[in-house]
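Protein sequences appear in the order of chains A and B. Note that our numbering has the first sequence beginning at 1, numbered continuously upward. Note that our numbering has the second sequence beginning at 114, numbered continuously upward.
One or more of the hints may lead you astray.
[To be verified] Pulled a few chain A residues facing chain B out of the computed Cβ check, cut under 10 Å:
no., residue
1, Tyr31
2, Tyr48
3, Glu59
4, Thr100
Hint data in this document are derived by calculation from the structure and do not stem from the laboratory. Just so it is clear, CB atoms sit at the ideal spot from N, CA and C, and this is done for glycine as well.
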Amino acid sequence: NAGVTQTPKFQVLKTGQSMTLQCAQDMNHEYMSWYRQDPGMGLRLIHYSVGAGITDQGEVPNGYNVSRSTTEDFPLRLLSAAPSQTSVYFCASSYLGGATGYTFGSGTRLTVV
Amino acid sequence: AQKVTQAQTEISVVEKEDVTLDCVYETRDTTYYLFWYKQPPSGELVFLIRRNSFDEQNEISGRYSWNFQKSTSSFNFTITASQVVDSAVYFCALSEAGNAGNMLTFGGGTRLMVKP
Numbered sequence: 001n002a003g004v005t006q007t008p009k010f011q012v013l014k015t016g017q018s019m020t021l022q023c024a025q026d027m028n029h030e031y032m033s034w035y036r037q038d039p040g041m042g043l044r045l046i047h048y049s050v051g052a053g054i055t056d057q058g059e060v061p062n063g064y065n066v067s068r069s070t071t072e073d074f075p076l077r078l079l080s081a082a083p084s085q086t087s088v089y090f091c092a093s094s095y096l097g098g099a100t101g102y103t104f105g106s107g108t109r110l111t112v113v
Numbered sequence: 114a115q116k117v118t119q120a121q122t123e124i125s126v127v128e129k130e131d132v133t134l135d136c137v138y139e140t141r142d143t144t145y146y147l148f149w150y151k152q153p154p155s156g157e158l159v160f161l162i163r164r165n166s167f168d169e170q171n172e173i174s175g176r177y178s179w180n181f182q183k184s185t186s187s188f189n190f191t192i193t194a195s196q197v198v199d200s201a202v203y204f205c206a207l208s209e210a211g212n213a214g215n216m217l218t219f220g221g222g223t224r225l226m227v228k229p
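All chains, please: the whole structure from these sequences, using the hints.
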């Protein structure tokens, strides 16, 4: 089925470990983005991309890296995990942003101990 | 800067009651899009509606209805005759056409609990 695929669904990390959250879409969407969801704060934008080779920071980028080498993939890297990064992470893609709407992945629940 | 406020953090109703979830937004853009999403206990985000800034017509879909008022910068969501399956967290969100990437700004969410 076409859509946004996020892996893994669950992950537990130790403080200081690194990992990559994967996000892939097969809809040929140019726009991709990462959000984190924390209780009472809704979803906040971490990083986004408007096309292959182009990325930019969102509201809460510290501690995260992204790259966009292909249209399909937009991985999110945690270089040195901290307990403050315990959250649920959502990846989204879109053809034209608000005009066409967004497709969200099913989320990754990350716990940093 | 764009901002979305959902002042009600939690609402509890009894089944069959009507309930309205409030959403107030701020934007300097003239072209923007408003969204509502539902997040059931399973955790995924379920798209409910998209409305652009030039279309102020109210929308009804079954038991769901939306009231968009530019004069008060509000986009409220009403569930008529609520059901237990409506229990979820509901998010209002805004996307400005003038922003690079047109990314979404979310409100903090309203947790709706419908009791049998």
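Now the hints, each set against the structure:
1. Tyr31: At 6 Å from the nearest chain B Cβ, tyrosine 31 of chain A passes the 10 Å test, so the hint holds.
2. Tyr48: holds (5 Å)
3. Glu59: holds (8 Å)
4. Thr100: holds (9 Å)
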